[in-house]
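Enquirer: Keeping their order, the protein sequence lines are chains S and L.
The opening position of the first sequence corresponds to residue 1 in our numbering, with each subsequent residue numbered one higher.
The opening position of the second sequence corresponds to residue 1 in our numbering, with each subsequent residue numbered one higher.
Hints should not be assumed to be uniformly reliable.
What the hints assert, rightly or not - Some, not all, of what chain S presents toward chain L, calculated at C-beta under 7 Å: (1) His101; (2) Asn296; (3) Ala359; (4) Phe567.
Derived from the structure by calculation, the hints contain no laboratory data.
Think of the CB as a built atom: it goes at the ideal place given N, C-alpha and C, for glycine as much as any other residue.
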Amino acid sequence: MLVDLAGGWNPMLGRLAWSQIPYDNPILAPLFVAVVIGAVLVLGLITYYGKWTYLWKEWLTTVDHKKLGVMYILIGLVMLFRGFIDGLMIRTQQAWAVGPHSSGVFGATHGYLTPFHFGQVYSAHGVIMILLAATPLLVGFMNIIVPIQIGARDMAYPYLNALGLWFTAAAGALIMISLFVGDFAHNGWFGYAPIFELQYSPGVGVDYWIWTMELLALGTTLGGINILATIIKMRAPGMTWGRLPIFVWASLASNVIALTSFPALQVALALVAADRYLGAHFFTAGLGGNLMLYTNLFWIWGHPEVYFVILPAFGMMSEIFPTFSEKPLFGYMTMVLASMAIAGVSWLVWLHHFFTMGAGPYVNSAFSVATMLVGIPTGVKVFNWAFTMYRGRLTFNAAMLWAIGALFLLLVGGLTGMMLAVPAINYMVHNSVFVVAHFHSMLLTIVYAIFASVIYWFPKVFGFKLNEFWAKTMFWLFSAGTALVFVPMYMLGFMGMTRRLDYVFNTAWHPYLLVMEFGIVVYTLSVLAFFALLYVSVRDHASNQVGADAWGTSRSLEWLTHSPVPFYNFAVLPHVNARDEVAWRRDNGIDHVQPDHYEDIHMPNNTGVAIVLGGLTFVLGFALVWRIWWLCAFSLLAIIALVIYRSFKGDPGYIITAAELEQMEKAAMRREARIGKQQHRVGSGVLGEAIAYARSDLPSLASQPGSTGGLDHRS
Amino acid sequence: MSHGHDDPTLHPEVQMSTSRGYFSGFAISSILMFVATFLVASHAVPPFGLLMVIAVCAGIAIIAQIYFLLHIDVSEHNIWNTVALVLFMPLFLITIGLTWWMFSQLYLRTMIMPGMMH
Ligand code: HEM
Ligand SMILES: [Cu+2]
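Here chain S stands alone, though its shape is the one from the complex (with noise of 0.2 Å):
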C-alpha cells in the first residue's frame, strides 16, 4: 500500500466493512428498504410475465440503435428523477436552516442534514443532473434520430453503440450504490484542490466520484466517436453535407466537443486518482503540488462539456420551431455556421470558471473577451429561430410550448452569463447563488428542449402521440417552478448569498428561500403531471395512433420511413433529393410512393458481450472504489479477454431476405391505413382541423402511386 488508510484495509474486502452500511441513517436506511422492496417486486414480476428471455433478447443484447437510444433516455429520466429529489433535498435544508433560531433533526444542529451529508448531496446533485440525466438524454436523442435523419439503417458501430450504453449504466449504478455502501464525496460536482487528497477525504466518497465520472467519460467518448462516424459515413444517397437536417449539424458539432474534450476531464481525475491510490503529489498543498492544475484542467473539460450538451438542445430547437411553423428554418447556413463557431470557441473560454485565482489583467481580459465572443452565434441562432416563426402557421401544441420556454431561458442564462463573463461583475458574484441561477438557467434550456424532444419524437419511435392536456399541463407547472425557484436565486446571488450553505446565517435572505421551497414543491406537481402524461398516453395509445408523418408538417428525413421505426429503418434506403425531404415529397406530390421492389438487407447481430462488459466495468470501479486489488485484477482481465474474444470472433451479420422485408412491410402500410381509416372514422384530427383544411394545396391521397392512406386531416 502506497498510502495510509484511515479505517483499517484487509486483502479480501479491502476497505469494505460493516460500518460502511449506513442502516443507523434515518433517512437512507427506509429508501434501502423501499428500493430493496421495489426492486424484489420489479424482478418477480418479469418473472411472473416470463419477460426474461423477451428482456435479454430484445432490450438487453440488442444493437439497435433506436432500441439503445430508448435505453439511454430511461437511464437519464431515472437520474433527472434522483437528481430532483437531491434538489428538492438541498432546497428543504435551506429553507429550514436558517439563522440560529432553526431548529434541527435527525444529528443536524440546523435543518436535517449534517453539513457532511448536505455536501454529498449537492455533489451528486451535480454529477448527475450533467452527466448523468442531460447527457444520457441528449445521447440518446441523437443515437435515435441521427440515422434515421442522415438515411442510415443503423450507426457505424453497432457494437461499440451498445459498450456505451452500458458504461453509462454502469456508471449510473456506481453512483447509485454509494448510496447504500459507503459515502459520495463532498467536493462538489467539479472537485476542489486540495479537498479531495486523501488527507482531507480520507473516505471512499471521492473514489466514487472518480471512477463514476471515468466511466461517464468512457462512454461518451465511445458514444461521440460512433456519432461522428455515421454522419460522415452512412449518410444516404443525396444526403450532402448541405442537405443535412440541423439537428444532425448539431449533433456533429457538439460530437466533435465530446471527442476532443473528455480526454483532458480523464487526464485529470487519472491524476486525482495518481494522488489518492499511489501517493502522487500532483495537486496537493506543498511537495510540488500545484492546486489551480487541477482547476485549470478541469475546466479544459468542463466548459467544452456545457456547450457539448446545449449545441444538441439547438439541434432539437432547430427542428421543432419549423415543424410547428410549417416554414423551413431560416437561415440555415448561418445556422450550421454557428453551431460550428460555437463548438470552436468552446475551447478557448475555460478561464472564466476561475478568474478569481488572479491571473492578472491580461489573462483575464482576453478570456473575458473571448466569452463574449460566443454570444454571436449564440445571438445568430436566437434570431434564425425568431424569424423562423414569423410569419409562420404556428401551431402551440406541447412540443413547441416547450421548444418556446427553452428560447426564453437560453435568453436568461446567455445574458447572465455575459454579465459573469466580465472580470468586474465575476469578481462579485463568483461561486454565489448567482452563478448557480446562470448555469440552471442554461441546463434547464436543455431540459426544456429534452421535453419538447420527447414529444415531438415520442410518435415516431413509439406509433402514438402523448397526450396533449398532461404536456401541457406539466409544461406550465414545470414553468411556475422554475420562475419560482430562479428568480428568487438571481436576487439571493446579488444580495451576496454563496453557494452551497448548509446553514444560512442571514435571516433576512429566508422569505426567498420560502418562495424557492415553494417553488420546488410547484416542480414537484409537474413530475406528477409527467408521470399522469405516461400513464395517460399509454392507456390512450389505441385512439392516438399516427402515421409516418405524425404532425402533418414534418420536414426531415426520419418522417418518412413508418412509426414505429422498422428495426430496419428503411427498407429501401431513401434518395435524398432537397434539404427538407419529407416536406419537399409532401409539396411535389411524392410523399406516398413506396419502393416496387425490395432487396435483401444486412443487419448487425445482437450481442451479449457488451452487457457483460458493463458488468464487469461496474465490478472494476466498484473494486477500485473499495481498493479490493484481486477483485480489480480479476474484473481488468476479465475485460481484456473478453474484448480479444470478441475482436476475434467478429460479428457476420444476418440476412433479411427481400421476401420477408415484403411481408414486414406490408404490415406497416396495412396499420398506417387502419390508422387513417380510423381516425377518419372517430374524426380526432389530433393536430386541429385549421391546419387540416388550411393545407388544401396538398394533392389527395388517393390520386398517390402506391398510396396508403395517411393522417386524416391531409386526405
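Chain L with the ligands: place on chain S using the hints.
Expert: Chain L with the ligands alone, transformed into the frame defined by chain S:
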C-alpha cells in the same frame, strides 16, 4: 444492397498495422516511462534538469505513439487520420499554450517560482 461484406482486414489502415509496429510502440513508450520514473525516484538529476529530461521523454513517447500505435501520417489513404491530426494540433497548442500563459502570469503575481515549489 449490402454493405460491410468486404473483408475488413483488407482495409489500408488495417493493412498498415503490424504486430512489430505495435510492439515497438509499446516497448519504446514503456522504456521511456521507466526511465522517467527511475530518474524521479532516484533524484539523479537536479529539479530543473529533471523537468527537462521528463519533458523530452514525454515528447518522444508522444511521437512514438502517434506513429506506431495510431498510424498517423500524411499519406493519401490515411486521410481521416490526417484530419484528426489537423484538428488536434491547434487544440494541443491552445491548451498547453494558454495554460502556460495563465500560470506564468499567476506566478508573476503570486511570486511562486517553479524552482521554489518543494
Ligand atoms: C452565452 C454563453 C455563456 C456565457 C457567456 C457563460 C459564462 C459563464 C461564466 C463567466 C461562468 C463562471 C461564473 C463563475 O463561476 O464565476 C459560467 C459558469 C457556468 N456556466 Fe456558463 N456561460 C454561457 C453559457 C453556458 C451554457 C450553454 C452552459 C450549459 C449548458 C453553461 C453552464 C455553466 C455552468 C455549469 C457554470 C458553472 C459551473 C460551476 O461553477 O459549477 N453556461 N458561465
Ligand atoms: Cu464556461
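Enquirer: Each hint should be assessed against the structure and marked as holding or not.
Expert: Hint-by-hint comparison with the structure:
{"no.": "1", "hint": "His101", "verdict": "42 Å, violated"}
{"no.": "2", "hint": "Asn296", "verdict": "6 Å, holds"}
{"no.": "3", "hint": "Ala359", "verdict": "4 Å, holds"}
{"no.": "4", "hint": "Phe567", "verdict": "16 Å, violated"}
The structure fails hints 1, 4 (numbered hints given earlier, in ascending order).
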